[in-house]
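Novice: All chains, full assembly: derive it from the sequences and hints.
Protein chains in written order, with the working numbering: chain A, 1313 to 1655; chain B, 1313 to 1655; chain C, 1313 to 1655; chain D, 1313 to 1655.
It is possible that part of the hints are untrue.
Heads up, the list lumps identical chains together, so a pair's fine if it works in one copy or across two of them.
[As the list claims (entries may be wrong)] Below, in silico cross-link-like pairs of lysine to any residue (SDA-like), each with a Cα-Cα straight-line distance of 25 Å or less:
1) Lys1317 to Thr1335
2) Lys1423 to Phe1495
3) Lys1449 to Leu1568
4) Lys1317 to Gly1608
5) Lys1317 to Pro1362
6) Lys1557 to Ala1510
7) Lys1557 to Glu1400
8) Lys1586 to Glu1378
9) Lys1557 to Pro1513
Simulated from the structure, these hints should not be mistaken for lab results.
Protein chains: 4
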Amino acid sequence: MSDLKIAVLGVGMMGADHVARITSRISGARVVVVNDYLTDKAEAVAAGVPGCRAVGDPLDAIADPEVDAVVIATPGSTHEKQLLACLEHGKPVLCEKPLTTDVETSLAVVKREAELGKRLIQVGFMRRFDHEYAQLKALLDAGEFGEALVLHCAHRNPAVPPNFDSAIIVRDSLVHEVDVARFLFGEEIASVQIIRPAANPGAPQGLQDPQIAIFKTVSGKHVDVEVFVTTGVAYEVRTELVGEKGSAMIGLDVGLVRKTSPGSWGGQITPSFKERFGQAYDTEFQRWVDAVARGGTTGDYTDGPTAWDGYAAAAVCEAGVESLNTGLPVEVTLADRGSIEGA
Amino acid sequence: MSDLKIAVLGVGMMGADHVARITSRISGARVVVVNDYLTDKAEAVAAGVPGCRAVGDPLDAIADPEVDAVVIATPGSTHEKQLLACLEHGKPVLCEKPLTTDVETSLAVVKREAELGKRLIQVGFMRRFDHEYAQLKALLDAGEFGEALVLHCAHRNPAVPPNFDSAIIVRDSLVHEVDVARFLFGEEIASVQIIRPAANPGAPQGLQDPQIAIFKTVSGKHVDVEVFVTTGVAYEVRTELVGEKGSAMIGLDVGLVRKTSPGSWGGQITPSFKERFGQAYDTEFQRWVDAVARGGTTGDYTDGPTAWDGYAAAAVCEAGVESLNTGLPVEVTLADRGSIEGA
Amino acid sequence: MSDLKIAVLGVGMMGADHVARITSRISGARVVVVNDYLTDKAEAVAAGVPGCRAVGDPLDAIADPEVDAVVIATPGSTHEKQLLACLEHGKPVLCEKPLTTDVETSLAVVKREAELGKRLIQVGFMRRFDHEYAQLKALLDAGEFGEALVLHCAHRNPAVPPNFDSAIIVRDSLVHEVDVARFLFGEEIASVQIIRPAANPGAPQGLQDPQIAIFKTVSGKHVDVEVFVTTGVAYEVRTELVGEKGSAMIGLDVGLVRKTSPGSWGGQITPSFKERFGQAYDTEFQRWVDAVARGGTTGDYTDGPTAWDGYAAAAVCEAGVESLNTGLPVEVTLADRGSIEGA
Amino acid sequence: MSDLKIAVLGVGMMGADHVARITSRISGARVVVVNDYLTDKAEAVAAGVPGCRAVGDPLDAIADPEVDAVVIATPGSTHEKQLLACLEHGKPVLCEKPLTTDVETSLAVVKREAELGKRLIQVGFMRRFDHEYAQLKALLDAGEFGEALVLHCAHRNPAVPPNFDSAIIVRDSLVHEVDVARFLFGEEIASVQIIRPAANPGAPQGLQDPQIAIFKTVSGKHVDVEVFVTTGVAYEVRTELVGEKGSAMIGLDVGLVRKTSPGSWGGQITPSFKERFGQAYDTEFQRWVDAVARGGTTGDYTDGPTAWDGYAAAAVCEAGVESLNTGLPVEVTLADRGSIEGA
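Specialist: Listed below in structure tokens is the structure:
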């Protein structure tokens, strides 16, 4: 009945946006604590939110008795320690991807949560909350396409920050398509191959862009993904599912207004992930807040991707980075889920 | 800082949806009082909202000292009295259309508000908050189409309740297009003509459906509207603006998923106004709540259509009902806005 | 078996294109005679076609014993005399619209042909042969939309020649939509009203552009047409048919290639009627040639719009020009078709 | 000036359609001889075409002095002998794909033609004449997309004849995409890999369907192709070109009429290659006939894919069939074009 009181760790672009989201765009929650390694930034954000204070140490923020739940939007390298602290304090946490930065620590987090017997961790794969993906999944589950057979994905960014290297493309961009494939097909990815086409002349020297990723799922379904992050065009995310009884495409990005101008017809195209997935983030947060409210009863404080989903994505990406060097398929080996979740 | 405390008058389909909207989908407001002439219904709705009670008389609800602002979702015939009460108590009010049921009382409300020197009334023409209309308006105002010249509108419902008669089509359906034309063109409508084509064989006996409305604005711009409320198809609202430098269409309703099935391609079409304009209602309410919060300072408690907009729409619809009988153009005469607002 | 030998009267832009069409793009016919009041032009065209000669007088061309059939692409004012000559010589003729320049002479031509008891005249309303209109008509006739109720048309040109006046817009542009409405609905137009919106600032001084035409058919169906001939955009022809069981739109002009460029998606839009209706002209001519080949047996040498269609269009346009001045609906009065065709 | 006199070898579905095409849909050519191993069929087809006779032996048809040029629509196994006969008699020939059934004999044909110093052979890759592919190629060559980087293709048939096996999918279906990739990129394919996803449950037992083909061109460009020939849906051919400055898609198959029906919007989808590529075949034949007419002067009797294009496609498909077994990339080795064409 009373608002869920949230600590937001990390108030960079994403974290600050989450603070605004919780404060102004969803109901049932408010931000009471913010934290950032840049303390000035945290103070400034706190000053703009009624009843919110800045806390200097993320672990103090997690432990704070006023805090009911935690949002992690800090750099990935700090996630492991923060997630484990949330688990120790029994606090529900919505953690931006990646779960952690490597497979081993991701698995450790999965196991620790399993030992507690409560699902406290949700990973921020927000596409599952996007109207288009959700409707595609619903149609698929309703049998509209028969058995799903093949998935074609394209993930295009107009540009990337200067620090991006070829492996970051796998870990930061491709990782979303990993979750999409696992979400839509409902099964794990068994192998991954990264093909290196001739690079975009406009890409920074040394960056392998575009990349083509090929996934094979455990039942043999095929997924291909074009990841191209220096297109200079727009933020384009498109998925085509091919099934036994028909196919479907999302992300054609037809826009709101169809214009006719001298010589041409068409519309505007989404400039960035904020326009494309703003609704998905809002929905993700509202539904997470609602799930946390129910969690005391159910023991399940998530409404979406779990720690396992974060771990599995990490394992596929690690295999992808290996394949980036050889161009050959690399097998993905996962821990035995049953034995862990039965723990 | 603390939530705006709202009374919702009328908890039929629309009012109940507004209660849920304020409670669960927007931030900064909550419902503390509900009222309905069906007291059981009001009690039931109140029971589902923490901290909310049912009040038996709408005027008591308006007067209630706990109530900061009012939402009117009662039948149109009760609006005049309730609006005047809100004005007397100085309470901001979001009133579902129509403002009142006739031109005379609408004008009386406009004048009373003007005398108070505060804008307390917002009328629920929610399309102005729809992403598509908003973007079309923004492009137009940015000069993208040069001068606007012509507007083609289609308003189609799959079916209407049994009580609908030919004049209700004008007052309840066409009225939305009246506001759209005034909003996009930014000027008043000078005359209206209703053409009566051969009726849909599937329409109830005696119902003039479809109807074609022709508006001429004060500067001579042309608007035509097809209103067709027994299509059996879906809820379709489409607008094409033709300008000096190009044209634009909204409402093609391309849907989220483009499917390919044996023999055909396409997608789903919006079944009702709830799917089509759900986002618009949410945005309308969030922005109204935010405007009310600012109103103490600005004296303007609205973020959208004003009482004047409600009055002007009533005047156009009254002329439309007259033309429905003759098929000839009927002039629309409005009061002198300047002398009223200067009051 | 041997090629149909054709005389083409008038080798301006349209006529010269028809010569090329018969020579290189359809089978079963060739041009043996060309005529133009500019004899040099006729000589030049003839020189480019093997076995073709220029003839100085159009009536000599029609009478020429080598000539099996005639294509009239001369100015409208000369059509009456040329059509009557074709009828006297019993030669099939494909006549570009208008049939003649006024209702009276059009009717005279209709009556003369009826007296001969053979259908020798086809009028060049080529849209009936366009793939899109033909498919829309086929779907309608197959019952896909139930009863047709309303038709919305838009006819837009980027620009018109300097001699265009407001009445020419009715006679030359609107006339195509007259035939489309008669073709799709399969009934006559009973009244026409031309509405004069505020003019496009970019239109030549004194030109009423855009114009809005309203047709009512004999059974009461409604048609509205936006004719806008100085858009500066492209050649756009769009038709939406609204029926009892659904609606359909043609002419969205989605083009062949869907491009994604920085900031926008879309495609090219058709620059002129040649790109839009080139296929329709080819199909019209091929089918006319085939119909003429069958005509000796059937007595019907046409595969499309007849002299009556040309006459009816003239009657609607004459009423339209009258309405252009008053803005009021003008009734269309047609001769009694049964008594003429029974002649 | 007089019509090109053509012999059509093979009057099965394709050959009979070509006879109709030459006779009724293009100008400047007629069929004087037909041949088929089913002599009754050849007689029947000849009977329907004025001035056409059936000849029992394809080599006699080629040698016939009345015959100016030859169309080969016989089974692929007979092509080598027929093509060599055409070359010996110096007769232009339009040969349906494949050029021959293996790489070695294809190369032999290429070399024999090169020795003659005339381009007499055109291979029937008709997609190059399709409006959509032609416009995409034109935009690409005009620099609209900058450098071409990646090509995504989908080739879907509703069903295939019972004799289809996994290798035939490569040779008969994939081969079209081989030519499309070579045509658009303007370079040879250096390696091919066939991935075998889990098969469509609806496909015949043992048929590897769908298949995913990956091409790498000599400059490193990436092409992926989904070939899926038992979709049960329609004939779908889609190509997306991704370039340095934007991307473009053809084959979305939006159809002619956009329908709105209860609950859905959309249109019809192309049932077979005849509707999809009928125009391309007509254009191909008209332009070939025109090219042959010019050939006496230029020594080049083709207007499209040459014998080399047939040979290169055969080499890629042969590598594809090899990869079908292993799933690994297979290099494509081509003869030295310069030394052959310089011969």
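Novice: Against each hint, give a clear statement of whether it holds in the structure.
Specialist: Each hint, compared with the structure:
1. Lys1317 to Thr1335: Classified as both; 11 Å inside a copy, 17 Å across copies.
2. Lys1423 to Phe1495: So Lys1423 and Phe1495 pass the 25 Å test inside one copy only (21 Å; across, 54 Å).
3. Lys1449 to Leu1568: Cα proximity of Lys1449 and Leu1568: in one copy and across copies (23 Å, 12 Å).
4. Lys1317 to Gly1608: within (15 Å within a copy, 29 Å between copies)
5. Lys1317 to Pro1362: Both: 12 Å inside a chain and 18 Å across chains, each within 25 Å.
6. Lys1557 to Ala1510: between (36 Å within a copy, 15 Å between copies)
7. Lys1557 to Glu1400: Result: close neither inside a copy nor across copies, 48 Å intra and 51 Å inter.
8. Lys1586 to Glu1378: Neither. Shortest intra-copy (31 Å) and inter-copy (39 Å) distances fail the 25 Å Cα cut-off.
9. Lys1557 to Pro1513: Classified as between; 10 Å across copies, 40 Å inside a copy.
Checked against the numbered hints given earlier, this structure breaks hints 7 and 8; the rest are met.
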